[in-house]
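Sequences are here, hints too, so could you generate the full structure?
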Amino acid sequence: MRDGFTGIDLNGGTDRCLRIAWPTRARLGESRIDQGVVVNPTDDADPFLVGHAAMMSPVARGWSWPLWAAKAGVRHNVADLANRLREDEAPRGVDDAKMLAAHIRHLVGAASQVGLIVPDDFGPGAQTRLLDVARRANRFDPKRGWIGWLPFPVWRSVASVFSWASRIDADKLAQLRGRRVMVVSMLDDRLTVATLEIDHERVGDRVLITPVRQTMGKSGPSNYTPKLAETELVERISDKRVREQVKAIAGERSLARMGALPVVFQRDDGTWFENEYWPKVNEDLIDELRERARGDIRFLKDQITVGDIVLVECPETDRALRTTSWPSWYANKIIGFEGIVANEVFKLFPEDAAAGACEYVARLSNRLPTYFDHIFEIEIAALNEDGESHDFIALFPEETRVPGNQEFKRRLEGRFAVQPGSQTLSFHLWRQDDPAHVRRSKTDLDAAPSDLVPITLEVTQRPVSGYATIEVLPEIDRALGGRRMVLDWEKMSLDTKSRAQVIAELDRNLPKSFPNHSPTITHSVAWENVDPRTAMRSYLSTPVQSFSFERAASDLRVAISRRVSSPRYFNVDIGQPVYLFNSNGDVPIQIPGDRNGDQGNLVAKVRAKIAEDMEAMGGGRTWRSTAGMPPVMSDLFLAGCWMYAGAPETCLAYMRDVFRSRAEIGRRVESVGRVVSSDDDVGAALKWLMDRLRRKIAQRTTMLRIARELKAVSTIIQYRENSYRFLDPNDAIDLARFALMNLSVQLDAKDTSGRPKDLKFSFLFSATVFLLALRYRKKDPRFLEPPAKGEKATPSFSEALQILKRAFDTVKDDIRRRRRDIHRLAPDVISNAIEFLQKTGGNSDIIVVISKAEADDDENADED
Amino acid sequence: MTFVRAFILTRPWGLYTEQRFPIKVGDRVNVLAAYGLSVVGPRELKFKFAGRKIIPAQREGGIFAFGGTEKVYCTIPAGSSSRESTFRLVIGRDKIEEIIDVSIEGAMARPDKLGDMTPAEHQLTFLLSIVERLRALSEIEEEEETLDYHVNGRRMIATCIPWERLVEQWCVERNGDGPRMDIIVRHATTLQSVVEGLASRPRLILKRIRERQPVSRVQELDATCLQWFVRQPGRTTAEKAGSRQTILAVTRQGTFDTLENRVLHDYLDRAAVAATAYASLHRSLRRSARVVSVERYGRQCRQLGHMLEEAGVGLPTPPAVPNYVLQQDARYRQVWKAYQELLRRETEVDDVWRWQSRLWAEFCRLSILVALRRYAGVQVLAEAPLWLKADQSRGRWANTSAHPAVLLIKGGDWNGRVVITLIDGQDENADGFGRRELWRYFWSVGPAAVIHAQEIATGREAWVLVWALHAMSANVIDLVREANSADVALKQLKGQIRLGLGIHVNLGGFVIVSNPFPSPLPLSTSSGDVVACATALRETSLDSMISEIAGLLPVIVGVAGHA
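Chains as they are written, first to last, in my numbering: chain H, 1 to 864; chain P, 1 to 563.
Since the hints were made in silico from the structure, they are not lab data. Be aware that a few hints might be false.
[Unchecked claim] Quick list of in silico lysine-lysine cross-link-like pairs, DSS-like style, CA-CA up to 25 Å: (1) P:K389 <-> H:K143; (2) P:K389 <-> H:K98; (3) H:K71 <-> P:K389; (4) H:K143 <-> P:K48.
Right under this line is the structure:
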């Protein structure tokens, strides 16, 4: 096996194959091709000419003699071939890849593992093409036949940073952690910049730089200044024959370099002559170059930010403007940028990139860390956890980098699921490197799954090539049919819609299973217009033994329970009632115009005093007694309950005694819905309420009198978004059944004169409870599930639909015939309940509408 | 009948001197062996050498005008055995062929084996050393060294030799490090145990033969046996079996005489001969490990060959076509491959001898290039790649263009800056440089190479015709006579050009003669516009020859600073 590690720098300007020992970095060998040329012979049977043979070949030199040489082949600059790889749209003949492969084969020599420099502005397509070319460049050994070699692609910037870091002390390197490095590469026909972040790892006594490549490199503006200098100079050669012959051998660069100029040319009659008049860089050209260079400098200014460490590298040694090499010229300009420290701008050696590629292979061979590639985050459009809307969800948000050139392969288990009944699976993917586009893929399933099928996503990404696939694996074998589902990023079709449009469309098509929940909200407008602070201060100033305490407590209850039904009336753009406290027990942060201090403090004092007063009145002993809670204590309890989740602890203690059947609650049952907030309390409350409802249903036959309990349940589900989780299937079924029973009873109720009884809030609440009960579908999608096409509906679904349809028909008929007074929202609420039940649509904000109506109408309070 | 002005030449320029022999049908042509034979005739004629083999003559260069007709110049291959000192020249036009008997007096025949160092053996050794030298160019010694190859599928066609490598290695002493690598050395290293294993236990097959057997022992009958049986007189088997009670039946007998064993036998014989030749060639180094192992291998092969002969294994009938065993059995496959290599090598040596004048011409062309590139002030303007073929083609191993190099030489022995173009005179595309009309004259004298020189300052042009004369006889050469003869021809040629084209061409001649006898220093002389030098055929060093050529070139071109 050969000693050392090999790296090749293929840039078309000065191509290098370097072999170094590592870690000593002693140079073991170098082959170099300046201004590489490949000659493609006209006769296809002949091999390509590469390297020095191509440079020196008489083919296509623009000479009259030898005759054959003029048409025996075509010269191609390696730089042009390499650059055509970069452009996705550029027409490429098969020969391009073959010629470049022949050139690389010549360059690589006998190496078996080679670090291959990849320009930073190469996109995934270009990288793939370059690797494909490298794989074609197998070498031939007369004794062993064709022998392959392994290319290890490494970014030019990374390789340059490796070389640069090798000249820096370990301590200094440690200090530079987290700093941004901008690598400016001056290639044959363009300028590229790439940004890296310095990181390092300590391996034994060595500190190795492990840069992180954040984004793809960028190429500078077209019309690269050094190139312009060369092409302009050659155009100024007055003798046409000389000009053409200079151009033909790609020798135009020599005119703008420090190297030797071509010497002998041929006249049309075949005789040789020397050219004596060479154009020089005069003032006109200097001005033109300065003007053009401004574009490059502007570009660099845009890319280089304050505090950057800047590395300027160029693989060529003799490219210069007069006596100043272009890299020095650019480095001097960069030093002049604002915020750039002069000693943090480094001009690298021409062979640094190739040496860095060698080090890359050496590190890989020694299993040492190399560099990291930023991995483009993939997001998938999926239903949110709430099941109500879609969003683009990042698959692995915590994974931002992957070891350089390595495949990223991870499984994401249990995060996503396929809904039962899905006939097709549509995937919308978005990737960070193409922020403007979403890609989609649609797969027809062999059979629709009958249950929810959790899926595992196996994600494979290769940062260098841009390759990404996601394999969809059902956790239940063959639950999605027998076909393998693999989403290949490259093969997925581009969606014409933006991310927002895709989400909107998905949301639009989401089947409506239940309306939104609607917690109580607060706003300073409530505190300004139904100011409770007078009553609160009055209460605070009244001792519990005082005669006026009863009034103070009653006033407090009334004051604290008030709300503003239409904030818009007060020029506040809120379409629902606002309360003094929100469901979480919070008050508005600040109330303008309040001169009496912080209301938060006031509320805390009130809360504390309620708790103290209730304790002073006997607390648990009192409410557990047969006499139950006295009215004044009841007032304090109700006042505390209007603080919702912020209710005094004593109120909660009372509630918990009620749930444990140690105390009676009576008509105060409605308050349960406002107060409970913790998971334990919500679970206990729902259990207690469902038991109470079942008992009531079991006891009564004609008048159910369950409106308050239903209202309490609906309040809990309405305020606490996830409270449906505490219902078991029986609870959910019973709750919907009781709601519909109550609705039917109300519909059929007659007053004393035998006329149909008016349908007010009790009726409305029955429908509301039914709507809120549908939230249980988030836990169990089969809850009251509409039948699939051609299938028979479940009995519970049929019964519910029948009751609701009858209610709707009756309500409509009664309104038309004016048989009774019906709440204006009743038809709307019933029709929404029907639509949500059937998952055909419905107003998702219907609960808000009902809340508003409830706030507008105080009469519901005592109705039962 | 006389063919329209067709001649046999003993010197390339012979068309313009007395060294041309008109060809007449029915007449025998007797020539003294000199520097190879060539034939000049009208372009529509096809010439073939008919000795042990029938080999078409090799056309050199393009068509030229001489005596009012368009003619071609062809090289006739040398006879590879003493019997071929008299051969037939087949001359064909359309479908009519005439035969001329040609007898060469004093021609060296190819020696059957090397060892006695006769002039012929010395000549063959030298030729093989040229081949070896050419082959060495494509051999990679250091692991990191690589070359470009022209490959078709898995078959290597040619190796691209960088010119620098040619210049560097052309004069390298080859035998300094010991006896050279050879096919037989490789075989001795790798095949010793294989041939021993195979020859001591050769593959045995059971052969079916029909013979009369006692009825009681008959086990198998085939259709032929049954046919024989029914034709026998008698009604019962006992009657048909006759008095001896035997009938024709199939029996099986073990035999070693199979194709694969015959090939093995032949290989062993040939390997023994090759090993002996190698040992004789390196007699002075016979204590080296390589020679010792080859000698041991030779003895082993000879011994094993006898064993096979005793086992009744014959020799294969050429051409041997490999059977399944030779292709698929791992050990026999190795033998088959080795056998092919030996056969190919023998053919190659045969071809080297037949086309030695062309090989010498190629050697001279490459040497001139090396000499030109050795000047301190040389600058290469263009060079066509040098492809070294895996297999020779009629004495030529190097495949390059008709115009392999354009060089700018300045300073030193050269007066001013001169652009030199070397042209392969034997290539029919040579006329792609300079006026085409000139080539219709140049080709009539069969130059191996042509040098075109132009002084940059004055624009003065010069053409030098290079003749590579390869001695075919053991007689001492007369260099002065050859130079005078060439000069006479050159003067006539100049006159022809002046007459035909009305221009004066600054024309010179350079004759490089191979000297079959070792000589420490090359000899040189000049006559008029011709410079001639004789180079001793020394297999170890070419330095003196290259230096001589390098020294003469400025003089020949006429731009020597001190001339």
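Status of each hint after checking the structure:
A C-alpha spacing of about 16 Å is found between K389 (chain P) and K143 (chain H), which places the hinted pair at or below 25 Å, so the restraint holds. Of the supplied pair hints, the one linking K389 (chain P) and K98 (chain H) holds, its CA atoms being roughly 23 Å apart against a limit of 25 Å. Taking the CA atoms of K71 (chain H) and K389 (chain P), the gap is near 24 Å; set against the 25 Å cutoff, the hint holds. In summary, the hint linking K143 (chain H) to K48 (chain P) is not supported, as the alpha carbons are separated by about 37 Å, beyond the 25 Å threshold.
Going down the numbered hints, you'll see the structure goes against just number 4.
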